Every structure is written in structure tokens, then in C-alpha cells.
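Chains as they are written, first to last, in our numbering: chain R, 10 to 368; chain U, 10 to 368; chain P, 10 to 368; chain C, 10 to 368.
Calculated from the structure, these hints are not laboratory results. Heads up, a few of these hints could be off.
Because identical chains share one entry, a pair is satisfied inside a single copy or across any pair of copies.
[To be verified] Derived lysine to any residue pairs resembling SDA-like cross-links, with alpha carbons at most 25 Å apart:
| # | residue 1 | residue 2 |
| --- | --- | --- |
| 1 | Lys125 | Ser179 |
| 2 | Lys256 | Lys345 |
| 3 | Lys256 | Glu273 |
| 4 | Lys87 | Gly134 |
| 5 | Lys232 | Ile78 |
| 6 | Lys66 | Asp221 |
| 7 | Lys245 | Thr278 |
| 8 | Lys258 | Gln276 |
| 9 | Lys87 | Arg180 |
| 10 | Lys258 | Gln277 |
| 11 | Lys87 | Tyr108 |
| 12 | Lys263 | Glu282 |
| 13 | Lys253 | Asp348 |
| 14 | Lys251 | Gly342 |
| 15 | Lys252 | Ser266 |
| 16 | Lys263 | Ile243 |
| 17 | Lys225 | Asp42 |
| 18 | Lys252 | Glu367 |
| 19 | Lys87 | His105 |
| 20 | Lys281 | Gln49 |
| 21 | Lys281 | Glu257 |
| 22 | Lys358 | Asp41 |
| 23 | Lys345 | Pro210 |
| 24 | Lys228 | Ile71 |
| 25 | Lys345 | Ser82 |
Just so we're clear, the structure is a prediction, and the values are computed from it rather than from any experiment.
Number of protein chains: 4
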Amino acid sequence: MLRIGMLTSGGDCQALNAAMRGVVKGICTKRDDVEIYGFQDGYKGLIYGNFSMLTPKDFSGILTRGGTILGTSRQPFKLMRVPDADGLDKVEAMKHTYYKLNLNCLVILGGNGTHKTANLLREEGLNVVTLPKTIDNDLWGTDMTFGFQSAVDIATDTIDRIHTTATSHSRVFIIEVMGHKVGHVTLHAGIAGGADIILLPEIPYDIKVISDVIQKRTKAGKKFTILAVAEGAISKEDAKLKKKEYKEKLAKRKYPSIAYELAEQIQQTTDKEVRITVPGHTQRGGSPCAYDRVFATRVGAKAAELILNQEYGYMVAMRDGEITKVPLEEVAGKLKYVDPKCSFIQEAKMIGISFGDEL
Amino acid sequence: MLRIGMLTSGGDCQALNAAMRGVVKGICTKRDDVEIYGFQDGYKGLIYGNFSMLTPKDFSGILTRGGTILGTSRQPFKLMRVPDADGLDKVEAMKHTYYKLNLNCLVILGGNGTHKTANLLREEGLNVVTLPKTIDNDLWGTDMTFGFQSAVDIATDTIDRIHTTATSHSRVFIIEVMGHKVGHVTLHAGIAGGADIILLPEIPYDIKVISDVIQKRTKAGKKFTILAVAEGAISKEDAKLKKKEYKEKLAKRKYPSIAYELAEQIQQTTDKEVRITVPGHTQRGGSPCAYDRVFATRVGAKAAELILNQEYGYMVAMRDGEITKVPLEEVAGKLKYVDPKCSFIQEAKMIGISFGDEL
Amino acid sequence: MLRIGMLTSGGDCQALNAAMRGVVKGICTKRDDVEIYGFQDGYKGLIYGNFSMLTPKDFSGILTRGGTILGTSRQPFKLMRVPDADGLDKVEAMKHTYYKLNLNCLVILGGNGTHKTANLLREEGLNVVTLPKTIDNDLWGTDMTFGFQSAVDIATDTIDRIHTTATSHSRVFIIEVMGHKVGHVTLHAGIAGGADIILLPEIPYDIKVISDVIQKRTKAGKKFTILAVAEGAISKEDAKLKKKEYKEKLAKRKYPSIAYELAEQIQQTTDKEVRITVPGHTQRGGSPCAYDRVFATRVGAKAAELILNQEYGYMVAMRDGEITKVPLEEVAGKLKYVDPKCSFIQEAKMIGISFGDEL
Amino acid sequence: MLRIGMLTSGGDCQALNAAMRGVVKGICTKRDDVEIYGFQDGYKGLIYGNFSMLTPKDFSGILTRGGTILGTSRQPFKLMRVPDADGLDKVEAMKHTYYKLNLNCLVILGGNGTHKTANLLREEGLNVVTLPKTIDNDLWGTDMTFGFQSAVDIATDTIDRIHTTATSHSRVFIIEVMGHKVGHVTLHAGIAGGADIILLPEIPYDIKVISDVIQKRTKAGKKFTILAVAEGAISKEDAKLKKKEYKEKLAKRKYPSIAYELAEQIQQTTDKEVRITVPGHTQRGGSPCAYDRVFATRVGAKAAELILNQEYGYMVAMRDGEITKVPLEEVAGKLKYVDPKCSFIQEAKMIGISFGDEL
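Excised from the complex, chain R in its bound form (with noise of 0.2 Å):
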């Protein structure tokens, strides 16, 4: 007998469904005794064990569903050694579940957070196997995790509908794309969108440039200029700020999110008229794009190989086009950020995109 645990943690986005059923597709077209426990919402599910049994016929036509049938919960890694109020150790209790339910492995699907607790649950010697699962792309070790480009899709076409919009009127207009510490889906999207000014967390902007370029195009006569904005783009400025600093200025913020104070500048410092669009969690949901489901369940499929073969305490990955696998280890805990010296950015910069550092 074959016992699986399942979980989705974190923020959700799309193809978690996709890449669960490639798992259990690719178990169970090998093995015929096969349990899987599905732990609800993310690891307070296998801390409480409240869990589903689920058998193939819940993983079929889910393929193209968003969102996650076993549902999330945000698990801060900080907090999984501290004991709750009522002195439950949460690691413990983990532990607790994994080995009354007499189960073989986990399969954890999740971002950076998730990593790294499921790095801590093989270091206390469970066996792991997870996907990585992010609209945010950040996670180390892997070119690509699932949702990402769906949210890139979404973003994308938030900005096509601002950009015919944008044509009728003179103004200014920002889009907030979802990344508070990484600008993957922003970059990707701000390019795909035809974006004039891209704005990442890892390169901080001077609004000053900012209100240049818009003012340059006003007199090349281009009407509108379009901005694609990660919610966590900073300026010059403030990137000098210590973290706790920056914190503590953020908390003081009088608008709810970076959108909303580059408007003000901006209508300071150009006179022009700005619009401000947050698709928000629009880019977590809806069904997966093709390239995510494909993604998905080749990755799904690897770990169901990576399980019958009982090789654990792997992410699997895709590098260099072929999906693969790579040591917990190595990538709990590490983000991957947009490098601003990248040839991909280099590109952008050659077909005039500004991102607000220089001229």
C-alpha cells in the first residue's frame, strides 16, 4: 500500500489542480493500491489532521479548474516552531499526523514559505516531494513555476484593455501588477502590454525620470503613456531605507498601495490626468493558461516518477527545457530576483522602455 499526502500552501494561483492530478494520474496508472489524504487548507491540515480521503475520480476534470479543490491557508515558516497558545509545537504535530496516517510521502505544492517548511519537515526526516507553484516566479532552483505565466496572461490583458482606452483620452495610466519582493509577472506583462514605463522592486525609480519620459512622449505627441507597476516598486529614496525603516514609513502610507501615491506625483509633477486600474487577485484565478497546464502536469507526472522510484526530498523543476529534479536543500529559502543587468532587461531598454532609473 502506497499512502500519499497532499498540500497546497500559500497563496493560491492557477494549475495547482493541474498538477495534482498529473501526481495521481501518474501513480495511478502504475499502482492500484494507492491512498491519498488530501490535507485542507495548506499545512493546517496535516497540523490538525483534517484531511479528505481522495481517490482518481477527484483528480478527473479538474485540469483546467483555478484555484486549489483542497484549499490554502498562509502558514508564516516563522511561526511553524512556536508553540501555539495552547502549547501545541506545530512541526510536532506534523510529525504527529505524517506518522499515525503511516504515510509514505508528502507531496507539498507550494512558493518560497512553503519550501521552506517543507525543507524543515525533511529535515526531520519525512519524505517530501513538492512542485513549485507561484504567479511570482521567485522560486530558486527552477526556470519556471506554474501560475506564473497565467498571471502574466492576466496582466497582459489588463493592460491591452487600458491601452485602447488609453488612445481615446490624454492621460496617464498605471496598472499595479501583483510582486511584492520580485517583478517577473510585471516585467513579462509590461512588455506583452506595450508598456512605456515598467517600475520592479529590483530597481528602484526616480520619479523625477518618471515624470520626464511622460513629458517627452507628451511632446513626441504621443497622447497617453502606460505604466506597468509591481506592488512592490520603490524609489531611489526609499531603497535607501533600512528594512525596518521602510516598514514602518509603508504602514504610515496614506494610500492603499504604491498605485495610488505615483498617481499623486505623478499629477503633481506632470499636470496630466492619471487612471489607475488593480486587477488584483484577477491574476491568481480563473482557469490556467495552456502553458501552465502543460507545465503542470509534466511536473505532476515527474513527481508521481520521482515517488514510485521512492526518491524524496526533491522540488521538481524545469531547467533548460526539460523538467528535472533538485535538492530541497538547495532551494528552500532563496528567492530568485529580476536581475536588473540581465540581458532581458538590456532588450526592453533597447526598444526605449524606461524602468524609471535613468534616462
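Dock chains U, P and C against the given chain R, drawing on the hints supplied.
Chains U, P and C in isolation, oriented as in the chain R frame:
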């Protein structure tokens, strides 16, 4: 020789180009001796005499294109009669352009404000035919306006995406839909998207009712609640204020829009995490949906017929499924609101949707 | 106790689930004592007594889902009265199931054939309420059917895509749109997609006219011609044949469908390369569009109202924008064709669209 | 002065305009003294000297537009060296145009055939830079071509729609996906769409295996089976024929394409109703997806860099995620097939997808 002036005014929307294409194709399949003057950026072009000479070819291939090839601007009706700093009377300026170019008629595409000015020009003796353009579907005298169904599609798509991510987490989601004065888009998109609570300018809400609905849903085991909220949604208290008082209150509001205000109130009264999505101007953008293209093409063709028959002073409209004409004086300046007692609202309440007004 | 049987019959379409959800939500917000019997695969389920007991929860989350959770089948009206090989009279069998389960009424969702059988059951004394489902919008007594607008959207999207590739090459493109007897979908999609020639079952075409239109376009410098052709498009010659003769001719046709026949004729008469697209059953598939969801929800709620009021023997319909009821006996067996003389066709001709009937 | 000729050749696809925009923007942000000669309809324009002078403005706003603003045509490589009826040697004609216009280089966008001719021109001494365009992703030397992901998206969308209608009826559905020689699009779309059987030109099928799979599914209680079939799918028997014999057999085939042939065979061997969908040229149409826009923009920018550096004789390619250059002589004339033994196929088989080759 037939000399036609054409302009698009007010907030832009989908199918403006489709409608103009219908007008021009409809006229040019009948007559060869046509000159088309495309005024730039709405009434502004007529006031200052800015126009391009257009040929049928300019209207080819624009059926599916969003925005307006003529550009548009908001030109407040109230200021039309107020002379400029340099003493320019704008109404006289428009008449001057009209007579100087020896126009046979003006084709004007716009919403409520646009129609007031169009009717004014009619009263001044100009030949005018108008087309009902607005995402709000709030024009009196027509069952439908083009742009409306496309905006509903986009807002619905937004709610759909939120729905899939909502099922993964346990949260309240607010989607802020366009509509400051009327709630047609929010009502349709809310129902199409399966929103649990729909807030319209025409039906003031009680925050206690909203909290109650959310908590009842939680008790019934539903993880999430989705609110489709019109920009102009208003509380019962605020609805009692005088218009001026309310405007002053709004001006002091610390939130950029109603969604953010509601979010804080809900967070306080229900202790739920709330997430906000503001699709904003995306609702005016992109290619028109099939419905709008058909509708816009038909009203365009009808406008062509009126012009060929020298029937002026009408808005082209849809009534009971037929394309027809309505005297401008009957429609100008009147808004078509959502009637809180209409059968549509009753049907929505019947299937359990809350409008925040009663339990 | 209120016992409701429900079935979906005939070709499937979008918004069947949305409509059933509307019925069930509408009833269950008013009454707790409801039993819902979902018959499987259309009338077949009623005949053979195959059903599932369904709860309101089964209808939750299906608003946006295509297909039908009950399954469907085509059950020719003509055979309903003909005993089976094993002597089963199907009408009696249906009555038997109805009375055995002690049903209060049947909710039947379907198109033309379905309504004939529904009316027959009504005549036999059963309580019946029907909902107008078909992509064809060919039901007599209602201005609209659900499924129609979604099918138009999909066919339009097909023509849109062809349009962009058509501009690159110098070719003739045929898009074969669903509709064997009526041309509503083809007419709407053809106009929405900017087709140059639209061929409908109701307006027989002359291949010489088609060739002429194509050659005139070539002379006018247009690279391509796009034809939106209904499956049941028919030549003037064939339209003169007796029904039986035409059927025989069709059976011998060496092409799988009209598009392939036309392609060869056009290739011969114009010497142009022709490309064919057959979207086929995609036109019935996928999530319903916003329009259909709203419409289906409304007719569902109205059906609930009728049931709660014990008003039976009606089809729920839309007339002049209002949801209303129509006696089944008035509508059963009648088709709503495209009237070749209606204003819509005239508007289309006015903007230069050819229907292949005249130059 | 920098004089650049540009042409798009072969079947059109998405993102051709995006790629050309990338080239022009990339060059014109660095140099002002540029002349762009846009040759019409592929090599034909170069042969007969048909071109337009284009400015950067002509490339503005075309990022999202399908098709190619230059037009295209198929110009068989084999005939390039064969003089016309009027004695015209086409290769000499192209060189003549090139030298007469005093061009510095040619930017050529195309697929396999196009690259053969491009390499020929390079051998003849012309400066050439090429971009990898084709929905088929069958170009040797690059991991990706633009157009591919967009075509996969469209084919996947087709399968998705069929899926929902398939669940309502008990049928077999065949979706015929573009690809005469290679099956990349079918493979990706088949997996993304959840097809049960995928037939590729590279993996000959056995009709008995297909029937078996369908019947096993029926026995397992699955109502429907979906086949994603490449245009060039071939049976094991036919794969044994010599190329010439097979061509003759195809010419005599009574069906317009493989889908119709398979449908009849499946109907005979399984007694199931079969429905066919042929999305056809829609797969080349419409706005490019975000992935293709980013990719096309990047290769365009890279081509600009090569031109500015006077590095000629290269195709711009993607390898291991980086945009790079590959010598034309290495890639021209070679196709990149789906390797039946690659890990991707193994992963697909692992989750239970049949390729019709084995049980």
C-alpha cells in the same frame, strides 16, 4: 454633395468605431458624393475647428477595434454657454464651424452629457443625428446602449476570476464596478458572476445588513463572500444627506473609492480578511463583444438611413428589439436608473442575492 | 412536500446549468420541503426511471459551467408514441415514472423537439414548466433562448481570428456556422465578425452572385473575402426541390458539409484559394457568456415563481425585454425563422453585406 | 545611412508584427539615419521590387495585432532557381532589387522554407538576419518559434469547449490540429486540453489501438473520448508506404482530411457517434498571446543588435532560455520533430494518454 461631420464625446467605450463604420458604410453604399469631416476629441474639435477629412477606407477594419479613431474628451454641458477666458462662446464657435464647412448634418456619438449638448445644437438649428453610446446603459429612450454589454462581460470576467481564488481562501472579496450614478453594469455583472451581495447607487445599503449576510454565509459553511459594488454605491445614512453635503463628505473621505471604505467597515464588523479588485478603465477597453458590434452596426446603419432621408433631430435607439428613432428633445438630459422595484431585482432577490438593503 | 423532476433534452448548450441553478435557488429560498429528482440524459431518464436525488448544494458553483450536470440526449418526438422492440410505450413510461415518484411537476429545458414532447406530456395531464434552451434561438414565442448569445460569441471569435490571417494572404475563407434550419447564429456572428457574404437557410443563394461579389472585391483591391455560412445554407436550385428529393441529394453529396461543396464551387468559378473552418461543437461548449448567464438565471427564477404559484403548462420566455410566461400549446412545434424581409437583414444589406441572393 | 529591407514569408502567424516592431524600435532608439523598405507579400516583393518605405510610426501600435502588415506568400524554395515563363531567374531578381536599393541588410521572418531561401541569399553574398516564425515550432536550432504558443492556446481553447459539450452526450470527438509534418502543437494542446488520445505525424497509429482505448473508456464508465489529431497523423500501414505512394493515396482519399477518415473508421469499429471540429486557420489568427509577444519582442531586439553590430548570416534563436544567434547554414533546411522517445512523451504516457501506438 453630402457633407457629414462626425464626433465622439464623453468617456470612451467599446463599439464606437463599429457604430461609425456602420454609418459610413450605410451612406457610401448609396451615394458617392460624400465628404466626411471627423472632428477630433469630441466637441472640442467642433469648437476649435480641428478635423480630418476621412474616406470610407478609414472606416474599414475598425469593427473590432476598441476606443475611437476620432478621440474624445469630456466637455461639460454647463460650460458650453460660458465664454472662455478669451471670450469664446463655445456654442457659437460650433455653429461657426458647422456653417463654415457647409455641413449637411452632424453625427454625434455619446452619452448623457453629450446628448444635452447635441439637443442644444439642434435647438440652435443644426441638423443632428445621435447614437447611444455608454457603458452605463443609462440613456433615457433606448433599451440599450452600445458599450454596455462589453463592460458587463469584462466585469463578469473579473468576478469569475475572483471566484476561483475565493474558493481557495476564506475571505471577503469586493469588486468595484464602474457606475457613479446608475447600477446597470454592476447588476448584470453581479448576477452573471454569481456575486452574493450587489450594491447599487439606486438601492442604499446598510452595513449591518452586509455584515449579517456575510456571517450567515460563514455559519452555513460557505468560505467566501463576493460583493459586486458600483462606484456610486451609497449607504442609507449618506443617502439622506443633501447632495452638496454628500459631495463634501466624499471629498474628505480618506479612501480612494467606496471599495476601500467598505473593506475597512467589513473587516471591523466581521473580522474577515477583505481583498479588493478595481478593474477600472479596463471596463471601457478592448474589442467590443459580438452583441455590441451587432447593435452598433445596426444603429449605425439606421443613422445612415435617417441621414439619407434627411430626418434630423433624432437619437437612434432600440425599443422592444427593433432599431428605431427617438426625438432628441424627449431624451436629452434624462437618466435611466435601475428601478429598485423592477422584476429583474425581484428575480435576483428570489435566488438569494442581497442588495444590502434588507435581510 | 414539493417534488420536482428536472431534465435537459436535445443538443446541449451553454447556460443549462445556470438556468437549473436559478430554478432551484428560486424555490429553495422560499421553501425547505423540496425534493429534486434529476433525470439522466433527457427524456430517456424519465422513460426508464433513471434519476438522482439532488440537493441545493449540487446546484452551487455551476453558474459558469458549460454542458449540463444531468446529461442530455436527442429523443425524436416522432418515436415517442412508437412502442419499443420490447413493447414499451414511451409516453406511458414517462407518465408511470411521474406518478410513481409522486411528482408535483416537471421542469424541462430544451429546444423545439423537446417542447413538442413537453406539450404532449402536458396534454396527458402532467404539470410541466419549460425553459427555452437552444443555441439556434429558433423557438417560437420568445425573443431569446439561452445558449444563443454564447454561440454567437464563439462563432464571432472564429471569424475574428480568420480575419487577421486573411489579411496576410489573398484568399477566400468559409466559416461554417451551426444552424441546419435557421440562420440566427450565422446572421449575428456574420455581422459581428464583419463577414462579406452571409448565407442562411432562409435566403437561398446563387453561386454566380457569390462569385461576382468575390470578383468585385478583388477588383476593388480587397485581398480577401470572408463567408459566414450556416450548415443549412441552400442554393436557389436546391430550394426548388421537394424536401425528399433534397434529402436524397444531400445523402449522395460527396462532401461532408456545405462548406466543402461551396469551397470547390468558388475555387472553380473564381480561381481563388479557399480555406475552410468548421468550429462545430465548440459553438455549444465552454462557459456561458454574461448575457446568457443573466438571462438563464432570470428565466430560472421565473420558473421557480410559476412552480411556487402552481402555474403549469407554460414556457418561460422573454418578450420585449421582460421575462414572462407563454402557454406551451402556443409555442410547441413552431420554429422562429430569420425573416428575409426583416429590418435587420435590410440594415445588413445597407452596409454592403451580400446574402448571395442578389447583386 | 542604414538601409534595411524587411519581409515576412510563408504561412502567417501571430506576433509577426510584434517581432518587426522589436527590430525597428531596437534600431531606431540608437540611430536616426535609417530607411526601412517593407517588401510586400514575402519574397515576391523582393523579386518584383514591390515595397513601401516605412517609418517607425508604422510599427507603433502593432504589438498586439495578428497577421503581418507586410503581407506574405508561400514561395516554394524549389522554384527559386527555376526561371519563370518570361525567363526571370528569381534569385538574380532578388539580388538585383537588393543592390539597386543599396540595402545594408535583409530582415527575413519565416519558417523552414523561408530559411532555405534566406540561406541561399546569404550564400549569394547578401547580408541576412532571420527571425524564427512558425506556429509549428519545427525550426532546427531554436527551442521556440513565435506563433507556436498562440496556436497552442487556440487549439487548447477548442478542446476545452468540446470538453464541456462532450460531458453532456456520449460521443467521440475529434479535433484536427494544424501540423502536416510535425506534431508539437497537437502534443501541447492535447495535453493542455486533457485529450485522451493524441495522434502525431511522428508516432504512427493503429486504428485497433484507438478502438480499444475508446472501448476501455466506455467500460470504465467514461461517457466520451477526445482525440487531438494532427493534420499529418498517419497510420502504421501508411507509414510503411514510400513517400510517393502515400502522396498518391492521399490524393485519392475521399475525405477532405484525416479527421473525417478517422471518424468513419471509429464509427465502424466502435459503433459510437463521432463529431469533428476543424479549427483550421483560426490557429494562425488573432492577437498573439503574452508569451509570443515577449518572445517576438526579444528576438526582434536581438536582431536589431546584430544589425547595429553588422553581424549577418544568423537566425535569432532561443536556447536554454536565452536569446542568442545561430549561423543560418546550421539551421536551414532542417526540421525539429517530436522525438517519440523524449521525456515529454513519456510523461504524457505516464498519466494515461494514448498515442495510438500501443496499449
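These are the hints, each one checked on the structure:
1. Lys125 <-> Ser179: Between copies only: 23 Å across chains, 47 Å inside a chain, cut-off 25 Å.
2. Lys256 <-> Lys345: Close inside one copy (22 Å), not across copies (47 Å); limit 25 Å.
3. Lys256 <-> Glu273: Answer is both: 21 Å inside a copy and 21 Å across each meet the 25 Å cutoff.
4. Lys87 <-> Gly134: within (19 Å within a copy, 65 Å between copies)
5. Lys232 <-> Ile78: between (46 Å within a copy, 13 Å between copies)
6. Lys66 <-> Asp221: This pair counts as between: shortest inter-copy Cα distance 21 Å, intra-copy 58 Å.
7. Lys245 <-> Thr278: within (17 Å within a copy, 39 Å between copies)
8. Lys258 <-> Gln276: both (22 Å within a copy, 23 Å between copies)
9. Lys87 <-> Arg180: between (44 Å within a copy, 23 Å between copies)
10. Lys258 <-> Gln277: both (21 Å within a copy, 23 Å between copies)
11. Lys87 <-> Tyr108: Close inside one copy (23 Å), not across copies (64 Å); limit 25 Å.
12. Lys263 <-> Glu282: This pair counts as both: shortest intra-copy Cα distance 20 Å, inter-copy 20 Å.
13. Lys253 <-> Asp348: Answer is within: at 24 Å inside a copy they meet the 25 Å cutoff, but 52 Å across does not.
14. Lys251 <-> Gly342: within (21 Å within a copy, 56 Å between copies)
15. Lys252 <-> Ser266: within (18 Å within a copy, 30 Å between copies)
16. Lys263 <-> Ile243: both (16 Å within a copy, 23 Å between copies)
17. Lys225 <-> Asp42: Between copies, since 21 Å is at most 25 Å while 68 Å is not.
18. Lys252 <-> Glu367: Intra 24 Å, inter 47 Å, cutoff 25 Å: intra-copy only.
19. Lys87 <-> His105: For Lys87 and His105, the Cα distance is within 25 Å only inside one copy (20 Å; across copies 65 Å).
20. Lys281 <-> Gln49: between (49 Å within a copy, 19 Å between copies)
21. Lys281 <-> Glu257: Close across copies (24 Å), not inside one copy (30 Å); limit 25 Å.
22. Lys358 <-> Asp41: Only across copies: Lys358 and Asp41 sit 17 Å apart there, 55 Å inside one copy, limit 25 Å.
23. Lys345 <-> Pro210: within (12 Å within a copy, 39 Å between copies)
24. Lys228 <-> Ile71: between (52 Å within a copy, 22 Å between copies)
25. Lys345 <-> Ser82: within (23 Å within a copy, 44 Å between copies)
Consistency with the previously given hints is maintained throughout, with no hint failing.
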